[in-house]
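Trainee: One-letter residues, chain by chain:
Number of protein chains: 2
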Amino acid sequence: MKISLNQKILSRNEECAKKNRIFFDEHGVFCLNVISSPGSGKTTTISRTIKDLGDKIRIGVVEGDIKTDTDAQKIRDAGGEAVQIETHGACHLSAEQVYNALKALDAEKMDVVIIENVGNLVCPSAFDLGESKRVILLSVPEGDDKPIKYPGTFAEADVVLINKIDLKDYIDFNLERVLADIRVVNPDAAIFQVSATTGEGMDQWYDWLINKNGAAQSAR
Amino acid sequence: MKISLNQKILSRNEECAKKNRIFFDEHGVFCLNVISSPGSGKTTTISRTIKDLGDKIRIGVVEGDIKTDTDAQKIRDAGGEAVQIETHGACHLSAEQVYNALKALDAEKMDVVIIENVGNLVCPSAFDLGESKRVILLSVPEGDDKPIKYPGTFAEADVVLINKIDLKDYIDFNLERVLADIRVVNPDAAIFQVSATTGEGMDQWYDWLINKNGAAQSAR
Chain A
1 MKISLNQKIL
11 SRNEECAKKN
21 RIFFDEHGVF
31 CLNVISSPGS
41 GKTTTISRTI
51 KDLGDKIRIG
61 VVEGDIKTDT
71 DAQKIRDAGG
81 EAVQIETHGA
91 CHLSAEQVYN
101 ALKALDAEKM
111 DVVIIENVGN
121 LVCPSAFDLG
131 ESKRVILLSV
141 PEGDDKPIKY
151 PGTFAEADVV
161 LINKIDLKDY
171 IDFNLERVLA
181 DIRVVNPDAA
191 IFQVSATTGE
201 GMDQWYDWLI
211 NKNGAAQSAR
Chain B
1 MKISLNQKIL
11 SRNEECAKKN
21 RIFFDEHGVF
31 CLNVISSPGS
41 GKTTTISRTI
51 KDLGDKIRIG
61 VVEGDIKTDT
71 DAQKIRDAGG
81 EAVQIETHGA
91 CHLSAEQVYN
101 ALKALDAEKM
111 DVVIIENVGN
121 LVCPSAFDLG
131 ESKRVILLSV
141 PEGDDKPIKY
151 PGTFAEADVV
161 LINKIDLKDY
171 IDFNLERVLA
181 DIRVVNPDAA
191 IFQVSATTGE
201 GMDQWYDWLI
211 NKNGAAQSAR
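So the protein lines, in turn, are chains A and B.
Under the working numbering, the residue at position 73 of the first sequence is numbered 73, and the numbers go up by one with no gaps.
Under the working numbering, the residue at position 82 of the second sequence is numbered 82, and the numbers go up by one with no gaps.
Source of the hints: derived by calculation from the structure; they are not laboratory data.
The reader is advised that the hints may include incorrect statements.
Said to hold, decoys possible - Ranges between beta-carbon positions, derived for each pair: (1) B/19 x A/174: 38 to 44 angstroms; (2) A/184 x B/188: 43 to 49 angstroms; (3) A/88 x B/172: 25 to 31 angstroms.
We put the beta carbon where it would ideally sit given N, CA and C, even for glycine.
Given the sequences, and given the hints that come with them, work out the whole structure.
Mentor: Right under this line is the structure:
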């Protein structure tokens, strides 16, 4: 990214991220920007969260993908409301794309908006979308060396979800190493070990989300 | 990527990719550009290939990572020669970075040069490195929807390695769907089901590599 990211693109994105942030503050909407490699389980995690919390908090989803609207469809199947952005080759979502999607989603009526970014552990981390908090997913099969190999991405996380923890016994994955390596670049992030497939550990994540959402509502 | 890829950067990369291609042709070096998501098993696949074929063909590796030289170290531990490029934030390798690494590797003495690109299923596919063939890895835990969600990347593959096939029984993964979806965007790619961890299916991949490398040598 560095080679092609110029200041002009970043400044324009920052301007628009500010607009999004003002929108979220004004409407008391708590917004998450969810970033990970392809196939870490972002859609499965969001779908399960909607199924389990959908009667307590109203969650809207902005889906980012290079191509297809299959993820938005999965969110709707889970009972959520979703707007799909197809980037047609672009490797990350921009704040402007999100701004337009928020209108289509009637986001002011939501308690929580979850943005599922394009599957990419590198580029999305350079683009502020105006989110309240940033969530990074790392799935067990990706390996325990990811925090040291992608330090910039993990440094910006407010939450790290270590997903597919149910596969731990089948894979050589040093959990202690991962936890320690995340702490080197990010002393403050909340870290939860979860399986969005089996449900293991999801309660801690839900507690965090309900708690932070409540705080966002009261700050309104 | 689209937003920030301008013609100037791509033309400069094309120029340098041509230089690399001429270098490979002149020296009878067969070069692979290996692309996948983070954690699909690129390094493990390359390490096992070196362990199993290292006495028949001399393989040099150019490693691309955002940060750390741990992958180059793994290749050396497997008995291979490796040069590490740290991109310091950049999301893909450029032909120019590879050109410089080829000198450091004494690549003219190699039979095969394998370039392990930065872990990213999107951006690297837009940058020709002058390689002879392009290899895309997709690992089973990433899910069976990746070919339709990243069609541009799979369309450019000469080989698709479906890796971590040993985990198939633990994961909901529709292999037939993956094979069919790859064929929609890419009728010609060789597709091998492998596990670089257990060794399952690797022989087919080795046969392909030895065969293509032999053809490159005779064409010299």
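Trainee: Indicate, hint by hint, whether the structure satisfies it.
Mentor: Going down the list of hints, with the structure as the test:
1. Taking the beta carbon of each, residue 19 of chain B and residue 174 of chain A are about 41 angstroms apart, inside 38 to 44 angstroms as hinted.
2. For residue 184 of chain A and residue 188 of chain B, the hinted distance range of 43 to 49 angstroms is satisfied, since their beta carbons lie about 45 angstroms from each other.
3. Residue 88 of chain A and residue 172 of chain B have their C-beta atoms about 28 angstroms apart, which keeps the hinted 25 to 31 angstroms range intact.
Hint check: no violations occur; every hint is consistent with the structure.
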